[in-house]
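Using the sequences provided together with the hints, build the complete structure.
Chain by chain, the residues:
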Amino acid sequence: MKISRQEVAHVARLARLSFSEDEMELFTNQLNQILLYMEKLNEIDTQNIKPTYHALELTNVLREDKVGPSLPPERVLSNAPAENKDMFVVPRIIR
Amino acid sequence: MKYEAVIGLEVHAQLLTDSKIFCSCSTQFGAPPNSHVCPVCLGMPGVLPVLNKQVVNFAMKMALATHCRINPFSVFARKNYFYPDLPKGYQISQYEHPLAEDGWVEIEINGGKKRIGIIRIHMEEDAGKLIHDPYKPVSYVDFNRTGVPLIEIVSKPDIRSPEEAVAYLKKLRSILRYLEICDGNMEEGSFRCDANVSVRPLGSEKFGTRTELKNMNSFKHVQRALAYEIERQISVLEEGDVVVQETRLWDEAKGVTRSMRGKEEAHDYRYFPDPDLVPVEIDSEWIEEIRQTLPELPDEKKERFIKEYQLPPYDAEVLTSSKELAHYFEAVVSACHNPKMASNWVMSELLGRLNQDKRDITECPIAPEALGELIQLITKGTISGKIGKTVFEEMYETGASATEIVKKKGLVQITDEGVLREIAQKIIETHPKEAEQYKAGKEKLLGFFVGQMMKETKGKANPQLANKIFKELLKG
Ligand SMILES: [Zn+2]
Chain L
2 MKISRQEVAH VARLARLSFS EDEMELFTNQ LNQILLYMEK LNEIDTQNIK PTYHALELTN
62 VLREDKVGPS LPPERVLSNA PAENKDMFVV PRIIR
Chain E
92 MKYEAVIGLE VHAQLLTDSK IFCSCSTQFG APPNSHVCPV CLGMPGVLPV LNKQVVNFAM
152 KMALATHCRI NPFSVFARKN YFYPDLPKGY QISQYEHPLA EDGWVEIEIN GGKKRIGIIR
212 IHMEEDAGKL IHDPYKPVSY VDFNRTGVPL IEIVSKPDIR SPEEAVAYLK KLRSILRYLE
272 ICDGNMEEGS FRCDANVSVR PLGSEKFGTR TELKNMNSFK HVQRALAYEI ERQISVLEEG
332 DVVVQETRLW DEAKGVTRSM RGKEEAHDYR YFPDPDLVPV EIDSEWIEEI RQTLPELPDE
392 KKERFIKEYQ LPPYDAEVLT SSKELAHYFE AVVSACHNPK MASNWVMSEL LGRLNQDKRD
452 ITECPIAPEA LGELIQLITK GTISGKIGKT VFEEMYETGA SATEIVKKKG LVQITDEGVL
512 REIAQKIIET HPKEAEQYKA GKEKLLGFFV GQMMKETKGK ANPQLANKIF KELLKG
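In the order they appear, the protein sequences are chains L and E.
For the first sequence, the residue numbers in my numbering are 2 to 96.
For the second sequence, the residue numbers in my numbering are 92 to 567.
Please note: incorrect hints may appear among the correct ones.
FRET-style restraints, in silico, Cβ to Cβ [unchecked claim]: (1) L:Pro73 to E:Thr384: 33 to 39 Å; (2) E:Ser295 to L:Met2: 36 to 42 Å; (3) L:Val12 to E:Lys247: 50 to 56 Å; (4) E:Pro136 to L:Ile94: 20 to 26 Å; (5) L:Ser19 to E:Gly203: 54 to 60 Å; (6) E:Glu187 to L:Glu24: 50 to 56 Å; (7) E:Glu415 to L:Glu8: 53 to 59 Å; (8) E:Glu279 to L:Glu24: 42 to 48 Å.
The set of hints was computed from the structure by calculation and includes no laboratory data.
On a predicted model such as this, the values are computed, not experimentally measured, just so you know.
C-beta: ideal position from N, C-alpha, C; glycine also.
The structure is reproduced here in structure tokens:
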């Protein structure tokens with residue numbers, strides 16, 4: 002086993018997902034299969050290889066500190082489920 | 092048992108760039124809600140953040156000013172958590188490979204110096220702003236602040252008291268302001284601080300369990316919150332209990348820290364390199380280029396003030412606490428050529444008066460040259476130091492020059508010995524009892540006579556001369 006049911010439950014909770022008992026069973030098995038397959042990578046000797054941080058070999062892609070146009074508020078809020086005075090309305094989290 | 096506090100501080104400083112860290116939206120404070128946002132800072136799918144070069148320059152300045160090592164290779168990472176002020180579900184920050192590591196700043200505490208270590212400085216984006224509805228269980232989100240550049244400065248757990256914590260914060264803030272990369276406004280949140288606090292028996296090497304303190308919006312809050320939390324942890328241990336590792340919020344109104352339950356799991360951030368951003372490589376040439384731009388920093392300026400102007404360390408510390416104040420002081424000195432007097436007048440009269448009005452040196456109604464002129468009138472003996480204070484007050488209120496005020500109000504010091512001697516004679520005649528007592532050996536009464544002289548001349552008599560005359564006349 003590469004990942005336990007508790008770990009799957011923990012990750013699901015961090016992602017704000019909830020699953021039924023059957024789904025938990027199914028995903029735990031599937032994640033295990035995926036992780037076992039990924040294990041194959043450990044067969045390669047990477048002793049003297051620098052870790053890859055990016056798929057491209059580029060560095061220092063930078064922009065100058067210039068202000069450009071932003072979006073008009075009505076477009077910003079056009080996908081908002083609820084809005085009030087140009088602000089997004091969300092359920093309260095704290096207290 | 093004696094306990095010792097162990098404190099580490101995490102400081103977030105907003106950088107004074109024009110545009111955000113990964114998009115070209117404006118960073119201007121106080122704009123209408125959601126008017127400075129775009130698909131990048133709103134975290135829309137398919138957008139590509141591009142790093143603002145000025146953010147790297149500014150962060151490097153702070154790294155050099157705090158003696159950090161700038162890493163030749165640094166990487167942005169995603170810090171994953173859900174909170175409504177974070178539209179992407181992650182914050183772009185740095186984790187494994189921060190911009191800079193292993194520095195220090197020096198603080199002055201109880202007359203001695205102490206170095207506080209810095210673990211790391213990294214670049215990241217700020218989150219949006221939540222406004223909680225006072226009546227309904229909803230919050231309102233303004234994303235203008237999302238993507239405003241921050242540097243996070245993490246100290247080593249070298250701090251041992253609330254006073255040291257405040258001295259360290261003031262030093263960091265002063266350096267940031269000297270560098271002109273952060274305005275350091277704690278109330279508006281451009282300079283923020285979280286603290287990790289634990290206590291342990293004095294002499295113990297092992298760290299105790301720590302709590303994380305948040306919501307301290309001024310130096311005073313930091314001082315009070317830390318003092319409270321240290322006491323709280325000590326009494327928990329004294330009662331045989333254990334300190335719980337948790338996040339606690341400072342409640343300034345009640346003067347207590349309280350537990351923020353249910354946030355424990357939030358510390359599982361699952362960092363990984365952000366595939367949208369390529370690594371940053373910094374060579375020695377770039378570092379040198381930035382080093383050339385560094386101004387004289389507070390510690391250097393302070394040392395120079397001590398040497399060049401022969402000021403006591405305390406005065407030099409106060410006068411260099413901000414670039415503007417230091418500049419003001421130096422302008423006064425070059426106008427009056429008397430550093431000691433300049434320091435006294437700026438430190439006591441001027442700062443005291445500004446403080447009364449809750450004004451900053453940049454809002455000072457007296458130009459440094461004008462204060463220098465006033466000091467010259469005193470050193471030349473045109474007016475007495477006491478009259479100088481009256482003139483100062485008038486200058487502060489009206490903006491008139493010292494010479495003008497002295498002329499208009501006839502405040503020129505009386506240095507004519509004949510005139511003063513005449514007045515002294517009269518005073519002695521009208522106070523025969525005191526004169527007898529003085530002659531009988533009660534020399535303390537000299538002050539009384541000089542005081543009478545000042546009253547008579549509305550403070551215009553030259554005090555040294557008055558002293559001399561009374562001594563002569565009362566010799567017996
Ligand atoms: Zn934007």
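Against the structure, the hints come out as follows:
no., hint, result
1, L:Pro73 to E:Thr384: 33 to 39 Å, "38 Å, holds"
2, E:Ser295 to L:Met2: 36 to 42 Å, "41 Å, holds"
3, L:Val12 to E:Lys247: 50 to 56 Å, "33 Å, violated"
4, E:Pro136 to L:Ile94: 20 to 26 Å, "24 Å, holds"
5, L:Ser19 to E:Gly203: 54 to 60 Å, "57 Å, holds"
6, E:Glu187 to L:Glu24: 50 to 56 Å, "34 Å, violated"
7, E:Glu415 to L:Glu8: 53 to 59 Å, "55 Å, holds"
8, E:Glu279 to L:Glu24: 42 to 48 Å, "47 Å, holds"
Of the numbered hints given earlier, the model fails hints 3 and 6; all others are met.
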